[in-house]
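So you can see what is in the structure, the chains are spelled out below.
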Amino acid sequence: MTILVIALKYLRGRLIASVLTAVSVALGVGLVIASVLMASGIREAFVTSATDYNLVVGAKGSPMQLVLGVVFRIDVATPNIRYTTYTALREDPRVEVAVPVMIGDAYQGFRYVATNAAYFAALPWRRRSFALAVGRQFHDDAPDAPAFEALLGAEAARSTGLRIGDRFSEGEEMAEYPFTVVGILKPTHSADDRAIFMSLASFWQMNEVAREQTMKPLTAVLIRPKRMSDLPGLHRERNVSADTQAVLPSGVILTIFSMMAMAQEALTMILATVGAIVLLYLFVAMYSATQERRREIATMRALGARRATVLGIVLLESGTLAAIGGIVGIIGGHAAAILAAAALSTRSGLVTEPFVFAPLEPVILAAVIVLGTMAGLLPAALAYRMEVTENLAPLS
Amino acid sequence: MDTRPAVVLSDVKKSFPLAGGASLEVLDVGRLELPVATCTVLRGRSGAGKTTLLNLIAGVALPSSGTIRVDDTDILGLSEARRDRFRARQVGYVFQSFNLLAAFSAVENVMLAMTFADVVPRRRQRGRAAELLARFGLAERLGHRPQHLSRGEQQRVAIARALANDPPLVLADEPCASLDARTAGVVLAAFLSVCRADGKTLLMVSHDTAALSEADRVLDMAELNRAEAAA
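So the protein sequences, as listed, match chains A and B.
So for the first sequence, the numbering used here puts the first residue at 1; every next one is plus one.
So for the second sequence, the numbering used here puts the first residue at 397; every next one is plus one.
Relax, there's no trap hidden among the hints.
If you want the footprint, here are the derived chain B segments under chain A, 3+ residues with CB under 8 Å:
1) 450-459
2) 471-481
3) 495-505
4) 509-516
Take a look, some chain A residues computed to stay more than 12 Å from chain B by CB distance:
5) S40
6) V76
7) R82
8) G104
9) R126
10) P143
11) T180
12) R224
13) S250
14) M259
15) F283
16) Q291
17) L339
18) I364
Just a few of them, taken from the derived set where beta-carbon distance is under 10 Å, the chain A residues facing chain B:
19) R14
20) R293
21) T299
22) A305
23) T389
To be clear, the hints were calculated from the coordinates, so they are not data collected in a lab.
Glycine included, each C-beta is placed from N, C-alpha and C at the ideal position.
Produce the entire structure from the sequences given, and follow the hints as far as they go.
The following block contains the structure:
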């Protein structure tokens, strides 16, 4: 028998207390892991969604509203701009790619996004890629020949239950122009998973206001310049225009991150408090276990166990509880992050990758084991210093 | 035949500090020798210092003055860690209240003593523990935890544990005091039988008439302890 076996048998001997202590450690670690995963996942999802394009051109107003509405679709869309804004940018020799975007109403809560094939093009600099799960993309119809074809994001297809060939419409206005599902995208882990894509021509024909307008509307134009050195010029020109503003999505993301930083600081303090409470619980559990075991510790000493041996047994117990709690907590944290990611995806389309084990996790586990072992230090010292003869008195 | 005494105490005193800087002397033994392979029974009134004497010989308590030699080793000259190791290997201790560890089975309780002594190789510990328990009629109780054993069985496990490392010296503090007369008889007979068969030097605190009649020597604390006599 080794002292590790002795420690494990002691843990098994007070199984319920051991399980409760390990569970409390696991809850604390799980909370930290889930929070870290979700925070980094949301950050990554924001970056991935917003950094394909360097400039978003839209109507005058709040830059954040423009980016949140067009890129993440978590704010109301800004007013419209003229289609000619897009054609001018498309023809600009400094622009590599210009993508027109029209954000419309929604079908069962899934936003209409009218655009063209450029939106889905596989380009080497894109962080995101679009792939069809089934079917095909809609055609870029001529303005006078809308085909009313729809391409569904993965979550939109899953939630609405629409399949290839299904026709759908919502409201009286749209009933006249039902759309036909021609394709469904694979998950992109972005807001596009909750979008219903269609051609601009189809949207303009379906939308009563747009139908009547000679100059067709757009919500925004996404821009990728040929050279980064052209970006300030494009940005300035579009901002001095009376009708449009140009926003750097990365700048908006930084603003969002700085706002999130305050929340993250508060979260960090909460997590640190949770960690301290868990360690305190572990300490109390080990302290009471050592107190209850005074006679047994004295007996072991009388049988020849050295002070260091009883110290080691208590430390191994607290270290083992911390290790079990830490491992279960990491697994549980990932499980919680998976559930949270699914909920977040359903609500916003922002999807994180909770399955990815961060390099920080072995460090967290090691820290939990070290801190957990240290929580047993005082009870272990108590066992170390225990007076043998005082605790060996015969029971009455 | 080895004629050296197994245990020699010379001018051993033990006092406990009292409030106000005073001290209470509870033990004062001028000379005590325990011959090898003998059974000595120690008797005396409660508080006469019997348990204190056993604790001093085992090295779990230290005297205020004097020398204690066990198996020709001055145990007070050893560091605490070496004294612990010496005790684990050379001394078996049977407690009045058994002091079995509740989280461990009978066989594991016996193995525990071997773990601390590190004399019996790890792979042989379980076998030796089972063998010892079988000698005390507990072959069918190896996996039982203390709470699932009768008091007589618990004390036999405690005796097996004391003998686990084959120590030359066995100390027993009223091993049958908390057992009924019939069970005490059975346990004592088995204990003495094994100690005699294995040539152990046994110092046992007991008031049991059977133990007194089986002893090679009976010591009375009232005569042995000068502090007791003075009181």
